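S.K.: Each chain is listed here by its residues.
Number of protein chains: 4
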Amino acid sequence: MSSRYSAILHEIHTEILPLQHHGTVAQYIPELAKIDPNKFGMHLRTIEGNDFSVGNNEELFSIQSISKVFALAYTVSLVGETIFERVGVEPSGSSFNSLVQLEYEKGIPRNPLINAGAMVLCDVLIDKLREPKDDMLAFVRKLSGNSGITFNERVAASEKEFGFRNVAMAYFLKSFGNIHHNVDEVLDLYFHICSIEMSCKDLAASFLLFANHGKIVSTGESILNKSQTKRLNAIMQLCGFYDEAGEFSFTVGLPGKSGVGGGIVALHPHRYTVATWGPRLNAKGNSVMGMKALELLTTKLGSSIF
Amino acid sequence: MSSRYSAILHEIHTEILPLQHHGTVAQYIPELAKIDPNKFGMHLRTIEGNDFSVGNNEELFSIQSISKVFALAYTVSLVGETIFERVGVEPSGSSFNSLVQLEYEKGIPRNPLINAGAMVLCDVLIDKLREPKDDMLAFVRKLSGNSGITFNERVAASEKEFGFRNVAMAYFLKSFGNIHHNVDEVLDLYFHICSIEMSCKDLAASFLLFANHGKIVSTGESILNKSQTKRLNAIMQLCGFYDEAGEFSFTVGLPGKSGVGGGIVALHPHRYTVATWGPRLNAKGNSVMGMKALELLTTKLGSSIF
Amino acid sequence: MSSRYSAILHEIHTEILPLQHHGTVAQYIPELAKIDPNKFGMHLRTIEGNDFSVGNNEELFSIQSISKVFALAYTVSLVGETIFERVGVEPSGSSFNSLVQLEYEKGIPRNPLINAGAMVLCDVLIDKLREPKDDMLAFVRKLSGNSGITFNERVAASEKEFGFRNVAMAYFLKSFGNIHHNVDEVLDLYFHICSIEMSCKDLAASFLLFANHGKIVSTGESILNKSQTKRLNAIMQLCGFYDEAGEFSFTVGLPGKSGVGGGIVALHPHRYTVATWGPRLNAKGNSVMGMKALELLTTKLGSSIF
Amino acid sequence: MSSRYSAILHEIHTEILPLQHHGTVAQYIPELAKIDPNKFGMHLRTIEGNDFSVGNNEELFSIQSISKVFALAYTVSLVGETIFERVGVEPSGSSFNSLVQLEYEKGIPRNPLINAGAMVLCDVLIDKLREPKDDMLAFVRKLSGNSGITFNERVAASEKEFGFRNVAMAYFLKSFGNIHHNVDEVLDLYFHICSIEMSCKDLAASFLLFANHGKIVSTGESILNKSQTKRLNAIMQLCGFYDEAGEFSFTVGLPGKSGVGGGIVALHPHRYTVATWGPRLNAKGNSVMGMKALELLTTKLGSSIF
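Protein chains in written order, with the numbering used here: chain A, 1 to 306; chain B, 1 to 306; chain C, 1 to 306; chain D, 1 to 306.
Hints listed in this document are in silico derivations from the structure and should not be mistaken for laboratory results.
Since we're looking at a predicted model, the values are computed, not measured.
Incorrect hints may appear among the rest.
Pairs count within a copy or across copies, as identical chains cannot be separated in the list.
Derived lysine-lysine pairs resembling DSS-like cross-links, with alpha carbons at most 30 Å apart [to be verified]:
{"id": "1", "residue 1": "K133", "residue 2": "K160"}
{"id": "2", "residue 1": "K284", "residue 2": "K201"}
{"id": "3", "residue 1": "K300", "residue 2": "K215"}
{"id": "4", "residue 1": "K106", "residue 2": "K284"}
{"id": "5", "residue 1": "K284", "residue 2": "K128"}
{"id": "6", "residue 1": "K160", "residue 2": "K128"}
{"id": "7", "residue 1": "K106", "residue 2": "K39"}
{"id": "8", "residue 1": "K142", "residue 2": "K160"}
{"id": "9", "residue 1": "K160", "residue 2": "K106"}
{"id": "10", "residue 1": "K133", "residue 2": "K226"}
{"id": "11", "residue 1": "K284", "residue 2": "K226"}
{"id": "12", "residue 1": "K226", "residue 2": "K300"}
{"id": "13", "residue 1": "K39", "residue 2": "K226"}
{"id": "14", "residue 1": "K128", "residue 2": "K34"}
{"id": "15", "residue 1": "K300", "residue 2": "K106"}
{"id": "16", "residue 1": "K39", "residue 2": "K128"}
{"id": "17", "residue 1": "K34", "residue 2": "K106"}
{"id": "18", "residue 1": "K142", "residue 2": "K106"}
{"id": "19", "residue 1": "K142", "residue 2": "K215"}
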């Protein structure tokens with residue numbers, strides 16, 4: 001099996017090369033636009049702890065929205081399912097109506113993996129943590145086993161300087177009473193979490209608990225219970241890819257999460273996690289090379305959760 | 001294992017009794033409102049062909065939107081993935097904006113399991129079949145192994161008489177050029193498919209191919225290939241429960257489909273199919289007892305696809 | 001004064017010539033697309049009955065949505081203000097959400113001058129008239145004093161054959177219970193009314209009652225009372241130009257109504273009516289030359305209702 | 001004529017008394033909720049400078065959105081029609097989609113009399129004025145001839161503390177680049193302008209220029225030219241009453257503007273201005289007694305602009 005994973009990753013690496021110049025690097029904050037657009041990395045870790053990789057799998061990049069899964073796992077570990085009184089579990093439909101949907105649903109974000117939902121998570125984390133930013137970093141370091149993981153302060157500052165739409169969203173949530181703390185404080189945490197830098201290797205390691213009933217494989221520490229873990233996987237499956245959740249389920253068939261930094265991480269429960277990185281995005285905001293690499297992976301393995 | 005399924009189904013039957021009077025029977029067409037609201041049936045069939053059941057598992061009811069899965073499977077078996085040029089694979093978000101979404105997306109329904117999507121399927125079936133209604137019935141009879149399955153003409157007529165919203169939707173699709181045939185003809189097929197009557201037992205039997213790589217277990221006939229089967233399961237997972245797809249994935253964790261007649265059918269790939277029936281619906285249009293019964297099932301079995 | 005009107009119309013005719021090739025003829029039904037796009041006519045009739053004109057002022061064209069004002073006047077003359085229980089008096093905002101707005105407002109069209117509103121008027125007219133189409137023609141002939149006015153059956157048939165969006169709208173209204181008669185019958189009247197052909201001279205004559213407290217100037221017959229007349233003028237002011245009602249009020253400052261056939265008719269209460277015709281439309285569906293001609297008119301006269 | 005105005009105002013005062021307890025005082029900021037709900041005042045000033053009044057016509061109240069007309073007049077006097085490159089002139093349709101509409105129209109508010117539009121005005125005023133708040137007050141004092149008019153700092157502070165929805169709107173505009181200055185600075189001016197306190201007498205006096213070709217009657221100073229004045233009146237007619245602009249045009253037939261403080265001011269060009277105040281609002285946010293009083297006024301006078 002091991003040699004099979006290795007062979008498949010190398011095949012994929014070759015097969016996706018023609019896509020290297022397809023898509024566009026995220027431009028909405030200047031700091032993200034500086035990346036070398038032609039990088040590609042992929043890292044797979046099995047539940048038994050074996051690693052397989054190709055390309056720039058140890059290079060750091062901005063995980064952006066992938067961080068929402070960490071915020072969600074941490075929140076659920078702290079307050080349990082009560083978080084779902086303040087945020088839904090339904091896919092969000094097309095993004096064009098995100099604000100009107102929030103209005104229609106009276107300030108309850110459709111799910112925790114859209115920006116509005118993650119801001120509510122941040123509001124709860126501020127409530128429960130002494131040093132929200134430090135504690136959040138510590139949590140991600142623990143999941144990944146890499147104590148060097150940190151924020152990129154320039155990216156966080158760039159989001160703060162140009163992310164007016166996110167500020168609007170936070171105040172809109174506040175107008176519905178679904179943000180309790182100061183908006184600046186909530187956004188400071190939110191922008192910092194988005195700015196975390198990790199490698200494919202780090203991401204594959206840190207998501208392994210979702211393939212392992214909520215337990216960190218290396219230490220055996222239980223972060224989430226079995227039921228919570230299933231539920232988070234279900235949320236990733238339905239809501240993890242913006243307006244392309246259906247497409248990802250349809251072509252890849254695994255729960256996962258993408259970020260505008262070009263990262264994608266996915267998992268096959270009880271089997272493996274896999275992370276990819278390619279900065280060029282398609283029109284829906286997901287990595288072109290990453291989407292294709294993962295489609296090839298489950299096709300070649302002949303197995304998805306469906 | 002067998003005795004375990006049997007024990008679990010009986011436990012569930014007892015545990016959901018307190019919900020017997022919760023929810024409301026669908027009223028939007030008079031014919032559906034006539035049903036005895038307190039019925040309940042459940043039927044599970046394993047991939048090995050073993051049957052387990054409780055309650056009114058052999059009683060016929062109107063399968064309504066569950067029929068969209070049959071229409072989709074038949075369409076894919078006839079024209080392959082080309083159907084996805086005319087209908088999407090993304091969840092639809094909240095129903096309040098179904099028409100504006102269709103407008104925004106220029107007449108391409110978000111997925112084949114919403115009304116607009118199923119109308120496009122009917123348009124394709126009319127194109128490809130000699131006797132669309134008869135052929136559709138024959139297809140369902142083949143999947144289920146029950147040659148007695150038929151339309152309820154009174155229900156079909158009732159839909160035609162009162163379903164003005166569906167007529168509006170069909171003409172709206174036609175205005176975008178995404179219905180090629182006569183609207184009356186398309187709706188005649190659509191309303192008839194919705195009026196098919198089946199029992200929980202029939203449904204569990206007819207969905208078994210989705211748990212079996214697209215092959216009918218009893219005959220070995222291949223209807224869909226492995227990849228198509230996975231894709232249909234993914235669509236059911238993301239789009240099978242109207243505005244409650246997330247909730248169903250979250251609490252049950254299986255792909256499936258519900259109908260306003262009170263039926264739900266779900267499946268665990270490579271393991272089993274399960275159908276429930278309880279006419280009283282929650283505010284989102286899904287059977288109250290069915291939703292709870294299936295949540296209890298995967299909790300008690302300790303396994304979902306996540 | 002008379003010589004002044006005459007001089008001003010000739011000035012306008014010269015000044016708008018440079019716009020002759022701007023804009024596009026309505027294409028949505030083939031029959032309308034056949035018109036000579038470079039025609040232009042303008043006709044002004046004073047409350048005293050004096051006529052002033054330039055260009056093709058006596059040439060017939062398809063009045064299209066201008067007919068909604070006739071339908072409204074006729075309906076109010078028959079059932080009074082009760083019609084406003086079934087249709088609102090508010091501007092409709094941007095057209096992109098016409099269907100969602102109808103849904104949000106439970107089947108009550110925002111005003112009688114949008115398609116949905118005029119369909120409700122047709123439903124009422126069918127209720128109150130023996131021969132709705134004939135009676136409607138007789139009403140328009142009476143207002144205009146021209147007994148030769150008639151439907152263009154080819155245009156009506158063309159609407160019926162290609163106007164699927166209007167059929168969708170009618171069934172959507174029916175689903176809310178705001179159309180009582182058969183949809184086909186309502187649309188037959190609606191499409192016929194839209195197909196009426198009149199000249200600028202006819203339109204200026206037939207709108208004179210709105211500048212004259214609801215009385216036909218030539219015969220003294222009272223069609224509407226003073227209060228009803230003011231209200232209809234208010235509706236024209238706020239709702240008469242699709243998504244450009246504000247622009248028309250802003251630049252012209254008169255109540256009026258436009259149609260996709262390229263006609264516009266406006267009025268200055270107690271003073272005059274004026275009709276223009278130029279088939280090329282701007283992006284909002286209003287005649288390019290007509291809009292400019294009317295702006296020049298009120299600028300040169302130095303008077304609008306504001 | 002004078003005695004006629006006087007008699008009519010007294011009749012109106014008697015006839016609207018039965019409405020004294022209808023409607024609800026605005027609650028969305030605590031400071032506004034403190035008002036005595038049963039007050040009523042009305043003041044009419046003719047173009048010749050004659051005053052007629054009943055009730056609490058000299059009592060100060062929070063003018064709220066009426067202030068948007070002052071901001072618009074000031075802006076147009078400073079930058080002319082160029083302001084309409086950054087804000088439209090179309091009615092806004094129903095309020096439920098204000099945010100999605102702003103998104104659809106890429107950050108251009110539909111008109112200057114909705115909150116988003118007035119924020120853009122404030123952004124321009126900050127650009128052009130040395131001391132925006134002081135200069136704005138000076139402008140209103142000049143129009144009204146009352147040098148005692150001032151902000152209510154408690155109301156402004158209350159808006160700032162609780163008006164999260166407005167903050168969201170301002171950042172949303174900023175994300176589209178349609179606010180150039182610091183959001184806090186823009187909102188500080190916006191909230192202050194809304195907090196201006198005036199009486200019915202002050203409002204009738206300060207709006208007289210709109211009935212007088214843009215000239216202050218008492219001093220003869222020209223603020224707007226004739227064309228600009230007509231255009232502002234047109235905007236008030238189409239956009240001055242939130243979701244009830246049509247209703248107001250329909251029943252009253254004058255251009256005007258209302259505020260959630262319970263004030264309404266309207267004008268008949270070349271004849272008179274009239275202001276009413278009654279704190280209880282209808283469901284659309286307009287004063288119950290004020291709407292009725294103005295309907296009675298134009299009915300009794302037998303004249304509106306239509």
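S.K.: Against the earlier hints, flag every one the structure doesn't satisfy and list their numbers going up.
M.R.: Of the numbered hints, 5, 7, 13, 14, 15, 16 and 18 do not hold.
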